[in-house]
Amino acid sequence: MKKQNIVIIDYDAGNIQSVKYAFERLGITAIVSKDKEVIRNADKVIFPGVGEASWAMNSLKENDLIDLIPDLKQPVLGICLGMQLMCETTEEGNTKALGIFPVSVKRFTNEQKVPHMGWNQLDDLKGGLLNGIKPSDFTYFVHSYYVPVIEETIASCDYIVSFSAALQKDNFYACQFHPEKSGDVGVKILENFINL
Amino acid sequence: MDVKDGRTVKGVNFVDLRDAGDAVELAAYYAEQGADELVFLDITATHEKRKTLVELVQKVAKELNIPFTVGGGISTPEDVGVLLNAGADKVSINSAAVRNPQLISDLAKRFGSQCVVLAVDAKCVDGNWEVYLNGGRLSTGIDLFEWIVKAEQLGAGEILFTSMNHDGTKNGFANETLVKISEMVNIPVIASGGAGNMEHFADAFIEGKADAALAASVFHFKEIGIPELKKYLKTKNIPVRI
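In order, the protein sequence lines correspond to chains B and S.
Once you know that position 84 of the first sequence is 84 in the working numbering, the rest is easy, because the numbers rise by one and skip nothing.
Once you know that position 61 of the second sequence is 61 in the working numbering, the rest is easy, because the numbers rise by one and skip nothing.
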């Protein structure tokens, strides 16, 4: 495994330990930081997030990170709420987000149970971050809001609608599922990110 | 896994605790066997013991790459913050939510509904399902179905329903009640209490319309293997991750 400086953005939005531990299992000690210089100088940046969107955006604002994230040049991986905050807006709390991906995050309709919670299979896989992942592979999802399928979608998933399970635009990568909680499939995806 | 001082215990009808092993080791074993999710309930959660639970959560999170829920003695958003920061994916709340329903919406607003599991222990007495606390010892007078609907409205993200009439009996889950709950709410419902054989799991999904099924002793004492169970469920056309 490539040794590198991976920084997890700390903005008090939960689940950061799980991501840190996932890298530890791969032999990498990720740095958890809200320091702009530390984040800017990382080889790779993880933008995690569990929680409510408007609360999380407020927290990014309080930590003065709103302008920094879209401006990063190294590979950035948004996870779950992190991915949703990389979009333009989200219906959750009618929140304006970071605007990296040109799409609005929507709430699932109640045709089936919401949140979409549990293991689901990926589809329309487009390599890169998802190299070696097969459509039969399962990843773990927990979310009530979704990113519609757009040009930047590199994997989709079906639940109520077909939605973006992963996105990529330039150096920005994102996944709706939790790679750190997706067993061996998630490990492979994190390895792919490290090897980008 | 019911946890006491870092070790798992499983009661028969919530009394008579039997030691079923080291929690972290068991967690890793279950993850490898193909469990989709683990639930830790700290049954002796007192203030002095909080630290032990947080340490356990940290150890489990370090070891495990599948999701897990932690419950027991959680009564404030601060408690939840500490557990999530230690690496838990979700928390389950029970008594504190019954005493202060506002806690559900506070947690949902602060951490998101997806990590708020409402655990409900209920008992059917004379045909009426009532919510019980303290491992089935304390009657609340609250109707099970009214409570679950209210909890969903307040922002619970998932219901973990344990039938005290079925728990420990190994005669199957409370399917008639499960299906009623499952059709009443639009959040996932986890069936708990009563698993004895593989058919019981299939029944919970097909008859009970549960979104997930939880069991402890049949796994702890190796009466049912998770790989065999998942293969069996697949033959019953229940979607499972294998």
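It should be emphasised that the hints constitute simulated quantities derived from the structure, not laboratory data.
C-beta atoms are modelled at their ideal positions from N, C-alpha and C, and glycine is treated no differently.
It cannot be assumed that every hint is accurate.
[Said to hold, decoys possible] Selected chain S positions facing chain B (Cβ under 7 Å, derived; list incomplete):
1. A35
2. D36
3. P67
4. F111
5. G112
6. G168
7. K209
8. K236
9. P239
[Claimed, not checked] Listed below are several chain S residues computed to face chain B (Cβ distance under 10 Å; list not exhaustive):
10. E37
11. Q58
12. I66
13. G81
14. A86
15. A96
16. P101
17. V125
18. G127
19. E158
20. S182
21. P188
22. H220
23. I224
24. G225
25. P227
Each hint, compared with the structure:
Interface restraint check: A35/S against chain B, minimum CB-CB distance 10 Å, threshold 7 Å, status violated. Interface restraint check: D36/S against chain B, minimum CB-CB distance 6 Å, threshold 7 Å, status holds. With a cut of 7 Å, the hint placing P67/S at the interface with chain B holds, because the nearest CB-to-CB distance is about 5 Å. Evaluation of the F111/S hint against chain B yields a held restraint, the C-beta minimum of about 5 Å falling below 7 Å.
The interface hint given for G112/S is met, as the beta carbon of that residue sits about 5 Å from the closest beta carbon of chain B, less than 7 Å. Of the supplied interface hints, the one on G168/S is violated, with its beta-carbon coming no nearer than about 26 Å to a beta-carbon of chain B, more than 7 Å. Because the closest C-beta pair between K209/S and chain B is about 10 Å apart, greater than 7 Å, the hint is violated. Hint status for K236/S relative to chain B: violated, with the closest Cβ pair at about 18 Å, above 7 Å.
Residue-level restraint check for P239/S is violated (minimum Cβ-Cβ distance to chain B is 9 Å; threshold 7 Å). With 10 Å as the threshold, the beta carbon of E37/S comes within range of chain B, its nearest partner Cβ sitting at about 8 Å, so the hint holds. Given the 10 Å rule on beta carbons, the hint for Q58/S holds: about 7 Å separates it from the nearest Cβ of chain B. A cut of 10 Å between beta carbons decides the hint on I66/S: the least distance to chain B is about 6 Å, and the hint holds.
At about 8 Å, the closest approach between the beta carbon of G81/S and any beta carbon in chain B falls short of 10 Å, and the interface hint on this residue holds. Hint on A86/S holds. Least Cβ distance to chain B is approximately 6 Å, under the 10 Å limit. The beta carbon of A96/S comes no nearer than 19 Å to any beta carbon in chain B, farther than 10 Å, and the hint placing it at the interface is violated. Of the supplied interface hints, the one on P101/S is violated, with its beta-carbon coming no nearer than about 19 Å to a beta-carbon of chain B, more than 10 Å.
Annotation: interface hint on V125/S violated; nearest CB of chain B at approximately 29 Å, more than 10 Å. Interface restraint check for G127/S: the shortest CB-CB distance to chain B comes to about 28 Å, outside 10 Å, so the restraint is violated. With a cut of 10 Å, the hint placing E158/S at the interface with chain B holds, because the nearest CB-to-CB distance is about 7 Å. Hint on S182/S holds. Least Cβ distance to chain B is approximately 9 Å, under the 10 Å limit.
Because the smallest distance between the Cβ of P188/S and any Cβ of chain B comes to about 5 Å, under 10 Å, the interface hint for this residue holds. Interface hint at H220/S: violated, since its Cβ lies 21 Å from the closest Cβ of chain B, which is beyond the 10 Å cut-off. With 10 Å as the threshold, the beta carbon of I224/S stays out of range of chain B, its nearest partner Cβ sitting at about 20 Å, so the hint is violated. Against a cut-off of 10 Å between C-beta atoms, the interface hint on G225/S is violated, since the closest Cβ of chain B lies about 18 Å away.
Annotation: interface hint on P227/S violated; nearest CB of chain B at approximately 14 Å, more than 10 Å.
Hint check: violations occur at hints 1, 6, 7, 8, 9, 15, 16, 17, 18, 22, 23, 24 and 25; the rest are consistent with the structure.
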